[in-house]
Amino acid sequence: MPYLLSMLFALGIAHAGNLTLMSDDISSQLSLEQVLDRYGCNGENISPALTWTNAPVSTKSFAITMYDPDASNGWWHWIVYDIPPTETSISRDASALGALPKGSIESATSFGEIGFGGACPPKGDSDHGYIFTVYALDVEKLGLSKDANPASVQHHIDMHTIQKSSITSYYGRK
17 MPYLLSMLFA
27 LGIAHAGNLT
37 LMSDDISSQL
47 SLEQVLDRYG
57 CNGENISPAL
67 TWTNAPVSTK
77 SFAITMYDPD
87 ASNGWWHWIV
97 YDIPPTETSI
107 SRDASALGAL
117 PKGSIESATS
127 FGEIGFGGAC
137 PPKGDSDHGY
147 IFTVYALDVE
157 KLGLSKDANP
167 ASVQHHIDMH
177 TIQKSSITSY
187 YGRK
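Residue numbers (the numbering used here): 17 to 190.
Since the hints were made in silico from the structure, they are not lab data. On a predicted model such as this, the values are computed, not experimentally measured, just so you know. Where a beta carbon is used, it is the ideal one built from N, C-alpha and C, also for glycine. One should not assume that every hint holds.
What the hints assert, rightly or not - Here are the in silico distance ranges between beta carbons for each label pair:
(1) ASN58 x HIS176: 35 to 45 Å
(2) LYS190 x THR104: 14 to 24 Å
(3) GLU103 x LYS139: 31 to 41 Å
(4) SER44 x LYS76: 15 to 25 Å
(5) ASN165 x ASP53: 22 to 32 Å
(6) SER142 x PRO101: 11 to 21 Å
Stated by the list, open to error - Listed next, the in silico DMTMM-like pairs over lysine to aspartate or glutamate satisfying Cα-Cα at most 20 Å (straight line):
(7) LYS139 x GLU60
(8) LYS162 x ASP174
(9) LYS162 x ASP86
(10) LYS190 x ASP86
(11) LYS180 x GLU156
(12) LYS157 x GLU103
(13) LYS190 x ASP40
(14) LYS190 x GLU103
(15) LYS180 x ASP154
(16) LYS76 x ASP143
(17) LYS180 x ASP40
(18) LYS190 x ASP141
(19) LYS76 x ASP141
(20) LYS180 x ASP53
Let's have the full structure, built from the sequences with the hints guiding it.
Printed below as a string of C-alpha cells:
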C-alpha cells in the first residue's frame, strides 16, 4: 500500500500545475490587428503576444493553435508546435517577424499557407469565435513537417496533451 500511495503522489506531482494562457493583445473582441488583410478583410494580420504559466512539470514541449469552430468544417488560423518546454511566451507579430522560439515549427493552416492567418469570417455571418490554445505536451517533438495537414497536426497534439488552456475572442463582419 505505501508503494501505491507513493506512486500516486509522484503522478500527482508530475502533472501538477494549472496551465493558464494570457494575452494583453486579445480581449472579448479581436482587434483589427488579428484580422486578415485579404479576401475582403482589412486587418493587419498580426499574431498576438501570448504568455502561459503553471505548466505541468512533466511538459516536454508546447503547441499553440488559433481555431475557428464556427467556420464550416472548422478552420485553423495558426499552428505552432515543438515549442521548447523552457519557453513561456510568444511575442507580438512573432509569426511575420520570424521570432518564434528556436526549434519550434509553424505549420500550414487551413488557408494552405504557413504562418498566422487572421480572422476573416464570411460577411453577414454572426460573429465567429476564435480560440487561442496553448497545449502542454508529453513529447519533445511531434515528428511532423511544417506542411502537414492542420487536422493531422491537431490530432497529434490531442494525442500528446497533458493540459491545455484557451482564450476565446470573437469577430464578425456585417
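Going through the hints against the structure:
Against the hinted window of 35 to 45 Å, the Cβ-Cβ separation of ASN58 and HIS176 comes to about 38 Å, which satisfies the hint. Separation of LYS190 from THR104 is about 38 Å and departs from the stated range, judged on CB atoms against 14 to 24 Å. Distance hint check for GLU103 and LYS139: the Cβ-Cβ separation is about 37 Å, which falls inside the suggested range of 31 to 41 Å. A hinted range of 15 to 25 Å for the beta carbons of SER44 and LYS76 is inconsistent with their spacing of about 33 Å.
Hint check: ASN165 to ASP53, Cβ distance near 24 Å, so the stated range 22 to 32 Å holds. Under the hint 11 to 21 Å, the C-beta atoms of SER142 and PRO101, about 39 Å apart, miss the expected range. Distance check on the hinted pair: LYS139 and GLU60 sit about 18 Å apart at the alpha-carbon level, within 20 Å; holds. Using a Cα cut-off of 20 Å, the hinted pair LYS162 and ASP174 holds, with the two alpha carbons roughly 17 Å apart.
Between LYS162 and ASP86, the direct Cα distance comes to roughly 25 Å. Violation of the 20 Å bound is thereby established for this hinted pair. Taking the CA atoms of LYS190 and ASP86, the gap is near 16 Å; set against the 20 Å cutoff, the hint holds. For a cut-off of 20 Å, the pair hint linking LYS180 to GLU156 stands: about 16 Å separates their Cα positions. With a CA separation close to 14 Å, the supplied pair LYS157 and GLU103 stays within the 20 Å bound.
For the hint pairing LYS190 with ASP40, the CA-to-CA distance comes to about 26 Å; that exceeds 20 Å, so the pair is violated. Between LYS190 and GLU103 the alpha-carbon distance is near 38 Å, which puts this suggested pair outside the 20 Å criterion. A hinted pair counts as satisfied when its Cα atoms are at most 20 Å apart, and LYS180 with ASP154 qualifies at roughly 12 Å. A distance of roughly 36 Å separates the Cα atoms of LYS76 and ASP143; the hinted pair therefore is violated under the 20 Å criterion.
Taken as a hint, the LYS180 and ASP40 pair is honoured in the structure, with Cα atoms around 19 Å apart against an allowance of 20 Å. Between LYS190 and ASP141 the alpha-carbon distance is near 7 Å, which keeps this suggested pair within the 20 Å criterion. Proposed proximity of LYS76 and ASP141 is contradicted: the alpha carbons are some 39 Å apart, above 20 Å. Among the hinted pairs, LYS180 with ASP53 is inconsistent with the structure: their alpha-carbon atoms are about 29 Å apart, more than 20 Å.
The structure fails to meet hints 2, 4, 6, 9, 13, 14, 16, 19, 20 from the earlier list, while all remaining hints are met.
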